[in-house]
Each structure stands twice: as structure tokens, then as C-alpha cells.
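Given the structure of chain D, go ahead and fit chain L onto it with the hints provided.
2 protein chains.
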Amino acid sequence: MDLILIVLSSGVASLVLALILALKILNRKVDGENMLRIHKAIKDGAKAYLHRQFKTITPFIVVLAIILGLVLNDPFPGLTFALGALLSALAGYIGMIVAINANVRTADSSRSSLNEAFKTAYYSGSIMGLTLAGIGLLGVTVLYLLAGENPAQIVGLGFGASLTALFARVGGGIFTKAADMGADLVGKVEKRIPEDDPRNPAVIADQVGDNVGDIAGTGADVFQSYICTLIAAILVGFQEGMKSGGLQKALEWSFFPIAVMAVGIFASIFALLFVRVERDRPVIVIDQGIFATSVFTALASFFIANFVFEGNLNPFYIILIGLATVFLFAFFTEYYTLHNYSPVKAIARSSRTGAATNILMGLAVGLESVAIPIIIFCIAVFLSYQIMGLFGISLLAIGFLSITATVMSMSAYGPIVDNAQGIIKMAHIKDKRAYENAHVLDSIGNTAKAICKSYAVGASGLAQVALFSAFVEAASLSSIDLMKPQVIVGLIVGGMTTFLFSSFLFKAVGRAAFEMIAEVRRQFKTIAGLSKGEADPDYVKCIDISSKSALKGLFAPAIISIAAPLIVGFAFGAEAVGGFIAGNIATVLPMALLMMNSGTAWDNAKKYIETGELDGKGTATHASAVIGDTIGDPFKDTAGPSLDILINVIGSIALLFAALF
Amino acid sequence: MDLILIVLSSGVASLVLALILALKILNRKVDGENMLRIHKAIKDGAKAYLHRQFKTITPFIVVLAIILGLVLNDPFPGLTFALGALLSALAGYIGMIVAINANVRTADSSRSSLNEAFKTAYYSGSIMGLTLAGIGLLGVTVLYLLAGENPAQIVGLGFGASLTALFARVGGGIFTKAADMGADLVGKVEKRIPEDDPRNPAVIADQVGDNVGDIAGTGADVFQSYICTLIAAILVGFQEGMKSGGLQKALEWSFFPIAVMAVGIFASIFALLFVRVERDRPVIVIDQGIFATSVFTALASFFIANFVFEGNLNPFYIILIGLATVFLFAFFTEYYTLHNYSPVKAIARSSRTGAATNILMGLAVGLESVAIPIIIFCIAVFLSYQIMGLFGISLLAIGFLSITATVMSMSAYGPIVDNAQGIIKMAHIKDKRAYENAHVLDSIGNTAKAICKSYAVGASGLAQVALFSAFVEAASLSSIDLMKPQVIVGLIVGGMTTFLFSSFLFKAVGRAAFEMIAEVRRQFKTIAGLSKGEADPDYVKCIDISSKSALKGLFAPAIISIAAPLIVGFAFGAEAVGGFIAGNIATVLPMALLMMNSGTAWDNAKKYIETGELDGKGTATHASAVIGDTIGDPFKDTAGPSLDILINVIGSIALLFAALF
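Chains D and L, in that order, are what the protein sequence lines are.
First residue of the first sequence: 42, per our numbering; consecutive thereafter.
First residue of the second sequence: 42, per our numbering; consecutive thereafter.
One chain only, chain D, in its complex shape:
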């Protein structure tokens, strides 16, 4: 098939372009000793943590790969599992290496030109987006070609990617939030020193956290959704194609999702041309990027669907629904989380009567924000099923995830400019323009982060529905009947798992933050002259606390997400696992949206007050909003995004073991 060449070339093109961009950025020289010193501290901390994390999880992955091989009596799943783990780690790692070098370059160029700085940051983000999609597409496609007429063999890849992503997300999430909370609660609230002040001992750990959490963690998160969706769509396409017209059809249908992902990558490369900053309308920039990618992807899908399905445009319509869903998700996320709209303003106002009312209003907003996206989700799933059955649901997920490269570029852009702003402040840059430019860049970054978070929820939700379809086919179930007690039990336990999983994360962050706060307080108390800026704090000690806490918190969430579906499966059978997955979807979707949206809304309510609205910075109102923001941190950056991955780990392990239950 000629299409295979197009697919492989899109994968290779994205990796080559990523390499070119990376060389261009890394070759840019930075002027400024102070900045480089801080940059080096961040870089060393981030690399050191990631290496420790890999070292910690490698034995676990290797043992699990061997167990998989033994239990399933076939080395292939174990090998693909290990490969999935490796690729997932690689995607996150490359993105992070670029990001920790891009931050200082963005900071440096913001002294001369806004557009230059924007491009540095955005292209660096694109390296992440392109690498991730390229590796994902090539990995799945090559295995798919190797697997030939037995595509079910590639399922291990998804499980490996999800599990590693879970580790990256959980570890990164704990690391970053322990540091962030420590820095904020002692620095901002108790000592009343500004954000990113170099006197604050936790400030470097905070910057490191942005990289290991928001870059490596989010990257691995979206990577695994990408892989899982693609695998599920291939499997369902193969089986439905088989039913519809034998092996030839099966191969064609299963190839369609791959082709759509490939054009999505081309579209993202193409859309890079459209992205530029405008001082007054920062949000538009992002919308334009997503819009250009979507239009190109839709157009190309039209032709591919026409070709593969011989004039039947149903698959194309479903891809359109998937793309439309991205926009609707993005719009409602913006509505509930940006301070241009009433919900965030209401949270800001309620800070006037203290932290408690601020927190309650934030929870109320988050709880409410769940409704419309879930209704949209349901409508999209229902329509797709009506159009093309189970395969339709998989294609919906493909449509949603086809523009991953563009969305991830934006997602990685956020922490890079956040870091750049931090470096400018910490290096005591005198240039006023640098501050202004960095501020504009950062405000775009916040919107981008919010949109990407809702994208990640939608992506993993749809990936899970696709995996569910694949599971149903793989387990040869004819029904999953809620009137059977084992299905109801599976369902309720699946729902409960979401809560138990979240509790591990909150507890880990709570404990880590507790230690961090104690350490930062200790340093302010014992290091003479620190408050006045006459002595340096011990940054390394804080990085160490974050690292240790993160590594300690890694395993409990992973073990529960592996063990729970297996226990249910082996005790009550495949149908109960179906109930388990359903109960998990029904709780994870709203929980993750609640956490992401509440967290972001608290953050932006605080920022709204900092723009001088209500009583402005430094007041009791502001202090209350800071507490809300702090509670929101593990909501939006630890528990929320980890829940995304939980459902896909569950989905892929269920799929892998479907035949054994």
C-alpha cells in the first residue's frame, strides 16, 4: 500500500523536523552568567531526578515483562510491553531535555524581542509534540506491520506506555507540587516575598518540578493515550473489517486510523507556520494553531476515507465529530477556568470572606464544570456508535487525538515560558522589557495549559472507551449485564478504585509538602542573612526532599491500578471486568475534570486578584486566594492528570488479559 509510505514518511518527517529545531535552539548562545547559573541548577536537578526515577522503575518493568511473558505463555507481549515502556520514557525524556535548555534561551531572547522569545519557546514545545507523535506513530506502525494478521500482539505496547506514563505522572506530580507548595506557603504567605524569589530555598526545586511534572509527565500522559487509542482502533478495525469482508477489509480498516494519525502529524507541521504572537490577543494564537491543524486533518481524512472505504464517508464524519469535540472541550474549559468569565470571578470574590469560602466556591465551580463536557462526550460517543458501531467509537478517539502534536506543542510551551519568567526574576535581570515580554508569554501559557489538561482528560476518556470496545471484542463477550451481581460489584469497585487511587496521591503530596514546608522554614530560621538576601539558601536539600517523596509515592498507585482489575477479573470473570471498566470511566471522567478545572480556576482567581482587581496583591483576600491556589496544585497537577492514566492502565491490562479471565 502506498499509504504505508505516507505514514512512515510522516513519522520520520516529524522526528527529523524535531531534530532540526532542536539543533537550532541548542546552538543559540546565551548571554548572561546569572541566568546560566540558575539554568544549570534547574537542568542538573531535573536530569538527576529523572535518572533516579528511571533507575527506580526499571527493575519493576523488567520483572513485569518477564511475568507477562510467563503468564501469557508468549514472549511477544512481554517484549512489546518493555518497548512501550521504553518509548514512553524516551518521549518524555527528549521533551524535557529540550525544555530545560529552551527555558534560559527564551529568557534571554525576551530581552530583545517578544516574537523571538515566543518562537524559541513555541518551537521548543513543538519538538516535544512532534517527537511524541512521531515515536508513537512509528512504534505502533512498525509493530503492526510485524504482527501481520494477528494485530492483537501489539497490545503489550499500550500497557507498557501507560504504566510508564503513570510512573512519570505520579512521580513528576508529587515532585512539582511538594516544591510548589513549600515555596508558596512559606515564601508567599509567611515571609511575604514574591514568587520566584531566589531567597526562597524551594524555588529551584519548583522550577525543576515544572519540567519533570508538566513536561515529562504530561508528555508521557498524552503519549500513552495516543498509543492506546491507536492500538484499540487498529484492533477493533481489524475485527469489524473481518466481519464485514474478510482479511483484505480487515487490513484496510485497521490501517485507516494509522493513516489519519499520520495526516494529523503533517497538519501539525503545517500549522507551525500559522503560529505567531500578537500582543493584545494571546489566546487567539493558540486557537489559530489548533484550528489550522484541524482543518488540514479534516480535509486529508476526507480523501483517505473516500479511498479506503470506497466512497463511504461515515469514517470521515466521525473524525469531524472528534475534532469538533476538541473545540467544545476547549471552549468550556476556558469558560470555567479563565478570569474573563464569571466562574473564576465568583471564586475571586469569595476570597473576600476567607480561604474557606474561596475553597468551597472553587469546588462548586469544578463540580459544575463537569456537566457540559461529559454531555458532549456522551453525545459524541453515541453518534459515533450510531454511525459505525464499535469501530465508530474508536475512530472518534482517533479524530480527537489526531491533532496531538499541535496540542502537545502548546502544552510544553507553557512550562518553558513559566521557567523563563522564573529565570529572569531569579537572575535579577534589570531589563523592564524582558519582564513585560515574559509576562505576555506566560499568560498565553496558562491558557494553553488549561486547554491541554482538558484535552488530556478527553483523550484518555475516549482512549478508554476505545479500549473498552477492543476488550469486549477480545473477551468475546456477548453482553455485560448490570443485572448480574458480579457486574454490579465490578462497577462499584471500579468506581471506588478512583477514590482510593486519588487518596494515595493526595497523601503523598500532603506529606511531601509538609516536609518541604518544614525544611524551608528551617532554612529561613537557621541560615543567617537569608531573609535579607545576604546568604544563599540550600537549594539542593529541597530538590532532594522532592525527589525522595516522589520516588516513595510511585508504587502504591501503580500497584492498585494493576491489581484491581486483575483481582476482579480472576475472581468474577471478564463480564465483571467490563463492569469495573465502566464504573471506572463513570467516576474518573468527572473526578479528573473536577480536579483539573477547580485547580486551574483557583490559580486564575488568584492571578485575577494579582492584576489589582478586588483588593489586589498582599491583602487578606489575596492570602485566601493563595491558599485556594495551593490546594488546587495537587488537584490540577498531580491527582487529576494521574487519573487520566489510571483508566488507560486499567483498560490496557484488561485487554491484555481478556482471554485469561
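Hint data in this document are derived by calculation from the structure and do not stem from the laboratory.
Hints may be right or wrong, so weigh each one.
You can't tell identical chains apart in this list, so a pair holds if it fits in one copy or across any two.
Below, computed lysine-lysine pairings styled on DSS-like, alpha-carbon distance capped at 25 Å [as the list claims (entries may be wrong)]:
1. Lys525 / Lys284
2. Lys593 / Lys386
3. Lys589 / Lys386
4. Lys658 / Lys232
For chain L alone, kept in the frame of chain D given last:
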């Protein structure tokens, strides 16, 4: 049948005993002008609010009754609906009238004797427990006898009771928490005056709130679970009996649940003899009461099962499982919420680093506390189904709810002694012994409240599973297949409804508290001499704010809980409603447990610090714990308990409309 006489006599006996106790307590003269003045203010406020609430909902209930009659083309469901609403309101009202008269008498007798005071409070609580169970049992039994061979006619009763309970719970919950938060945040945190200080303008509203929320609201809550469970068990018993051996069996089987409830009432009366206070071991008192009731109920059930099922003891075993479930629920609730155990101590410790870490740890504890009770719940449901199928599940709920009268006695005891303590403080009683006695009584009350909350969750969860069984029979469904898209959509929307419903409640409490705080601050600022106790605050204004907010917040949650299942049902059919109910159970159970347990744990962490542990009262650590406690207020007293009722409103409306979907 002779058993009918036993049933009717148990209902009548409970009401007569309640009347005797009520006369005894009301005839007790109170000595002390100050106490009587405060008592009168609380009484007037509570009665005024409840009357306004009834006035507000009556037109809604009447219109709904007429609509039901027209839509279902039968006046009977409309009439039973109205009757259910009336009985539910009556049960809550009687309990509250007794409670608002018992508080001052408890306060008065605590000056002379601990045991005297305990008996006054406990017997007053028992009036509520006995009235509620008596009215519930008599109401259902009489209608059951009237309905003859068509027991489905009594379904309206459950819907009426649930909906009215939802109003009572939501209204009471908003009222009490607005007042409580206002009183705490300005009084304790800002002004640093003690709890229940008469200078605080919101303090009377707070006491009123305990009565309209914890007494009338909780009473109506458990009442509706009681009614719904009984109705569901009758219907399922009837249909399963029909299948097993025709009309005679159907009548016998459907009568068995009624008989078990009747012996539960006798057992509760009997257990009154065992309840007395011991200064050192307050918790034991409660456990003994529940234990005595359970043993008696179990013994009696043995004989009834033996008689009705002719030697088949399976129903008896299921009743035993239900009773065991109560104990296990109570034990794990105590573990997660009392400060004798490590979870609450961990929350208290984390207050040392501020409100944010306190709140995160509280959430972590709440999220974790969900796991074991839900596993117990699942095991109980699964076992019961294995033993006797759908009817087994209904009987499990009957076993759990059979001891309602005892549990509710304890539940009502809590707010009475809480009020009594408040009256003693506000009336400036000089007697040290009165304070000590009131403190001992209150500490028992806190444990009782925690246990009753988890009881209410378990009760409505089991009631819902029973209603689900009845719905399946009524809709003549042969399966509820999660592989059908409409069932998955129903499931996800059912889960989402839980979040949206909670958002209404949080928003209502947040807004109400915001207004209350502003008003209390205003009074402290504008009323000269208030801070020094030289001038009286305007209590009535605060009661008015709470009332208005509560009435404003009544309808949105009620409308969504009625509309959501109807929309799903009419759009996608009965099977989708099955999915909806399942999604709702899977989210409500953990959400309600999370909210109740987090809320109580925050409260007790604060109380633990107030006993002088950690840094003790009046420190920054204590202030952080107070913020956690404040956030926990709407968790445990508004949203959590209202969720309980939400699922039963959904279950009973689905059952009522089953034939039309």
C-alpha cells in the same frame, strides 16, 4: 394472619411510647430565666423556618401530585405521593418539636446529674426514632393492606417521602452551614471569641440550624430510606413469591420484610432499657444500644423466617448479614473519623504547616475511607444475591434498616446535647458541673453523629440497590447491557449528575456563608459595644439570612434529581435508566462517604487540637484546623447527606415511571 396484628401493634406501641416520653419530658419544668430566653429564641427560629419551608414546597408537591395522577392516568400514585410527602414532613417535624424543647431541659438537668441529663436527651432522641419508624411502618403496612393484590400501587409513597426528605435535607443543610460558617469564621477566627458566645450574632442561627438540619433533615433522610427499602422489598418479595408459588407465597414473602421491621421496633424499645451513661466509656453506651437491638432483632427474625418460609433459614442469614454490615460500617467510620486513631491525628499534625496541608490530608483521609466500606457493601450484596437472588438484596437492606429506631434515637441525641451545651454557655451558667456534664454528653454525641451518617449512606445505598431490583422487575427488563451505547451514556450521565447536584449545594452554601460572614462582620463593626458584650447583636437578621438562602437553594437540586432520570428514560428507554441508576450508585456511594468522613475527620482533628494536643487552642495550628473544619461543614452536613437522598429520589421515580419508559 396473626403477624399483621403484631406488626400493627408494634407501630402503635412505638407511637404511644413516643407520646408518653414526650409528655414526660415536656412536663419537666425548667429553672432559669436566661436559659429559657435563649431556648425561646432557638425554638421560634426553628419553627418559623420549618413553616416557611413547608409553605414553599407545598404548591410544588401538590402540582407534582396532580401531574403524576394525570401522566400515569391513575389517581392512586398521586395520592400516595402526597401522603408520602406528608408523612416525611411529619416525622421530621415531630422530632424537631421535641428536640427544641428537650435541649433546654437537658441543659437544666445537667446542673444536677449527668445521668438525668443523659436520659432527658436520649429519651428525647428516642421519640424521634420511635415516631419515624412507627409512622413509616404503619404508613406502608396500611397502604399494603389496601393495595391487596397489586402492591405496586404504593410506590408513590416512597417518591413522596424521598422528595420531601430531599427538600428538608437541602434546606436544613444550607441553613445550618451558612450559620455555622458565619459564626465560626468571624467569631472564632477573626474575633477570637469562643464557640457559642452570645456576642456572636450568628450563634442563635447556628443552634436553630442544628435543629432544622441535623434533626428534621436527618430524620426525613433516614425516614425515606426506611420507606423506600420497605416498599422495594415488598414489591420484589411479591414478584419473586409469585414466581415461586403463586399468590399465597407472594403475599407471605412480601409480608416478611414488614414483619422484620416490626420486630426491629420492638427491639429498639427493649434496648432503651440498656442505655445508660458511664463517665469513662462514652462510646460503649452507643455500641451497647445498637448491639442489644441487633441481637433481639436477629433472634426474632429467626423465628419469623422459620415460620414464613417453613424452615428455610436463608432469609434469616441475610438479615444477619445486614446487621453485621451495620457494625462493620460503624467500626470503619469510627476508625477514620475519631481522634483515637491515626487518620485524624495525621490531619491534626498536618495543620502545623497551615490550612492547605490540613485540607489536603483531610481529603486524602476521606478518599481512602471510601474503600473498605464499599468493599463490605459489595460483599454483602453479592452474598445476599447468591443466597436468594434479587429478593436477597432487598432483604439485606431490610436487615440493615431494621434497627433504624435505635440508630435514629442516637442521631437525634447528638444535636440535642449540642444545643444544650450551647444554651449553658450562652446563659452564662456558673455551675462548673453543668459544663463538665454537658461536655461528656457532647463527646458521646459526636461519635453518635458520625456513626449515624455512615448508617444513612449505607441505608440509602442498600435502599437504592433494592429499588434497582424492583425497577428491573417493574420494567420487565431481561438485561441491562453495558455494550449498548445508550446504557453507557446513561451510566456516564448518571455519574455526572452526582457532581452537578453537589455543585448546586456547595454554591448555595458558599453564597449563603458569604452573606452571613458579611453580616456578622457588619454587626461587629456597627453595633457599639458588641465586642465587649455591652450590647446585644441582631440574632434575627442572621436567622433571616440563613432562611432566605436555604429557601432559594431548595429547588435546583430537586429539579435535577427528578428531571435527569426522566430525560434519560424518555430519550433512551428503560435499559438506559438502568445504566443511569448504576452510574449514580457508583458515584454517590464513594462521594457521600468521602464527604461525610472528611468532614467529620476535619471536625475531630480540630477538637483533638482543642484538647491541648499539638500546639493547642488559639495557635496558628488551631486556626488552620478551624479552616479545615469549616470546609468540612458543608461536606458532612449539606452535600454528603443530600447525596444519600438523591439516589433514592432517582430510584423511586424510575420505579414509578418504569412502565412508561
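Results for each hint:
Proximity of Lys525 and Lys284 under a CA criterion of 25 Å is satisfied inter-copy only: 19 Å between copies versus 29 Å inside one chain copy. For the homomeric pair Lys593 and Lys386, the shortest alpha-carbon distance between copies (22 Å) is at most 25 Å, but the shortest distance inside one copy (38 Å) is not. Taking CA atoms no more than 25 Å apart as the test, Lys589 paired with Lys386 passes between copies only; the shortest distance there is 24 Å, against 38 Å inside one copy. When the C-alpha separation of Lys658 and Lys232 is checked against a cutoff of 25 Å, the pair qualifies both within a copy, at 14 Å, and between copies, at 24 Å.
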